[in-house]
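> Protein chains in written order, with the numbering used here: chain A, 1 to 141; chain B, 1 to 389.
No lab work stands behind these hints, which were simulated from the structure alone. You can trust all of the hints, since none of them are fake.
Pairs of lysine to aspartate or glutamate residues, derived as EDC-like cross-links and limited to a Cα-Cα distance of at most 20 Å, are as follows:
1) A:K58 <-> B:D159
2) B:K38 <-> B:E356
3) A:K58 <-> A:D97
4) A:K110 <-> A:E99
5) A:K20 <-> A:E49
6) A:K115 <-> B:E136
7) A:K58 <-> B:D255
8) B:K163 <-> A:E105
9) A:K104 <-> B:D255
Chain A regions said to be covered by chain B (calculated; three or more residues, Cβ under 8 Å):
10) 57-69
11) 86-93
Quick caveat: nothing in here was measured; it's all calculated off a predicted structure. Just so it is clear, CB atoms sit at the ideal spot from N, CA and C, and this is done for glycine as well.
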Amino acid sequence: MSVARFWRETLRRYNLGASKCPDCETVFFPPRPVCPRCAVHRKSIAKMEPCQLSGHGKVYSYTIVHEAADGFEMQVPYVLAMVQMSEGPMLTGQIVDVEPSQVKEGLEVKASFRKLREEGEGGVIHYGYKFAPASQAPKAP
Amino acid sequence: MREVAILGVGQTQFGELWDRSFREIGIEAGFQALESSKLSSRDLSALYIGNMASGAFIDQEHVAPLVLDYSGLSGHHFPSVRVEAGEASGAVALAQAYLAVASGEYDFVVVGGAEKMTDVPEDRGSAISSSTMDQEWERVFGASMPALWALAARRHMIDHGTKREHFARLSVLDHENGSKNPLAHYRNKITLEQVLGANAVAEPLGMLDCAPSSDGAAAVVLGPLDRARKFTDTPIRIAASQIATDTMALMHRRDITTLDSTVLAAKRAFQRAKLQPSQIPLAEIHDSYSIAGLMALEDLGFYQKGEAGKALANGEVGIGTRLAINTSGGLKAQGQPFGAVGIAQVVEIVRQLRGEAGARQVSGATVGLAHNVGGTGATSVVHILERVN
Numbered sequence: 001m002s003v004a005r006f007w008r009e010t011l012r013r014y015n016l017g018a019s020k021c022p023d024c025e026t027v028f029f030p031p032r033p034v035c036p037r038c039a040v041h042r043k044s045i046a047k048m049e050p051c052q053l054s055g056h057g058k059v060y061s062y063t064i065v066h067e068a069a070d071g072f073e074m075q076v077p078y079v080l081a082m083v084q085m086s087e088g089p090m091l092t093g094q095i096v097d098v099e100p101s102q103v104k105e106g107l108e109v110k111a112s113f114r115k116l117r118e119e120g121e122g123g124v125i126h127y128g129y130k131f132a133p134a135s136q137a138p139k140a141p
Numbered sequence: 001m002r003e004v005a006i007l008g009v010g011q012t013q014f015g016e017l018w019d020r021s022f023r024e025i026g027i028e029a030g031f032q033a034l035e036s037s038k039l040s041s042r043d044l045s046a047l048y049i050g051n052m053a054s055g056a057f058i059d060q061e062h063v064a065p066l067v068l069d070y071s072g073l074s075g076h077h078f079p080s081v082r083v084e085a086g087e088a089s090g091a092v093a094l095a096q097a098y099l100a101v102a103s104g105e106y107d108f109v110v111v112g113g114a115e116k117m118t119d120v121p122e123d124r125g126s127a128i129s130s131s132t133m134d135q136e137w138e139r140v141f142g143a144s145m146p147a148l149w150a151l152a153a154r155r156h157m158i159d160h161g162t163k164r165e166h167f168a169r170l171s172v173l174d175h176e177n178g179s180k181n182p183l184a185h186y187r188n189k190i191t192l193e194q195v196l197g198a199n200a201v202a203e204p205l206g207m208l209d210c211a212p213s214s215d216g217a218a219a220v221v222l223g224p225l226d227r228a229r230k231f232t233d234t235p236i237r238i239a240a241s242q243i244a245t246d247t248m249a250l251m252h253r254r255d256i257t258t259l260d261s262t263v264l265a266a267k268r269a270f271q272r273a274k275l276q277p278s279q280i281p282l283a284e285i286h287d288s289y290s291i292a293g294l295m296a297l298e299d300l301g302f303y304q305k306g307e308a309g310k311a312l313a314n315g316e317v318g319i320g321t322r323l324a325i326n327t328s329g330g331l332k333a334q335g336q337p338f339g340a341v342g343i344a345q346v347v348e349i350v351r352q353l354r355g356e357a358g359a360r361q362v363s364g365a366t367v368g369l370a371h372n373v374g375g376t377g378a379t380s381v382v383h384i385l386e387r388v389n
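For reference, chain A alone in the conformation it holds in the complex (with noise of 0.2 Å):
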């Protein structure tokens, strides 16, 4: 993926920068230009609210990945999951501070800001979220 592809998304990616809908409330992420829910998409057209995910949720969905996707080599065996946030959008990503094994439907994680891959070794390196059990997350001083 090269560099701008990469960077054009980092606001959303470091930051959970999601949008929602003005006509009927729904957030949404990665943020979208138009409300799918909505029958009269003129109303969202151009009037999506940014607006920003707290990181919390609940595991949805989880499988331990032994072959990795390309450029996710190191990581194996790595644990990949479907969040459900507290504001409602569902989030793919890896679980991580946990022994796989330990990871199952409902635990309740929080996101972290950390590095995703390498892209090689003169490549870029892509940060982004990855979400830790919430009763490990640091707490806030």
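Using the hints provided, position chain B relative to the given structure of chain A.
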């Protein structure tokens, strides 16, 4: 709109065809289809090719005129169109060609599907194979195709009590059928124990839950039903051809244990064909991963949600039962050359309905269904085919 029939079919060997190029396999399938229909290339109005990723696999785009040219047809100057819809490219190409013939604009067309997947190293191949998911919001975070299907599998187990052994049985069934198909990538039989004991890929899915990367091509010839008898004794009517879509990313679905695109494509197809799922004795279903096949059995309407696993475990599905599935060997054993899959499924149904399926022949079937999926279900296509008496 007029009725459309399949007049001829062709298919190459599926597998690692290191000695054969993309254009060679494309041409072979097309000529076989023409040959079996007694049509002359002069009768053709157009060529359609389903292909997912020739640019990535062999650095060659613009493959539709390429195959036409090396088929010796460039002098006819007729339209040659490539259709891309991920792993559903083949069936979507067929759906477009069906509409063109049904509309009356074209009379006779060849629809091929082809993919050359083994000219790239394995890691590059797996990256290309992941390109039908959302690159920005799934792949970047470590998702692979098997990992996404594993997420669906895990949730299916949580919500519907499905067991790991249930979907493992689909791989056993595919290999059993594939052993009787001379064109299949894999012709070895496997046991349930082997599937369950295979190396884990993305839990609960293991190596033998995943369809292979294959080279291969398949083709059919379409024409108006009312002129079909001139070219074949056994025209197969396309009773329904329906495409439906859904969100790109699996995480954005209403329910990840169901492909709504498949549910809707099937519902519309059954309405159009004036048939019920219970009247279908024969189906080729898209089981790129075993769990995808189990979900398809439910989403196509053959079983209630949560019931397909038990049906598989009880041996209610397969040749010799009321529902023969993947008699070709399915994606797992016949192979998975992406762009060719949707056409090869239709080729198999046609061979079955014509009684030309050899050792894997299902007796007495007059109607069959083919189900092709792109990505994790952003596109689904259902075709229903019927023997004309």
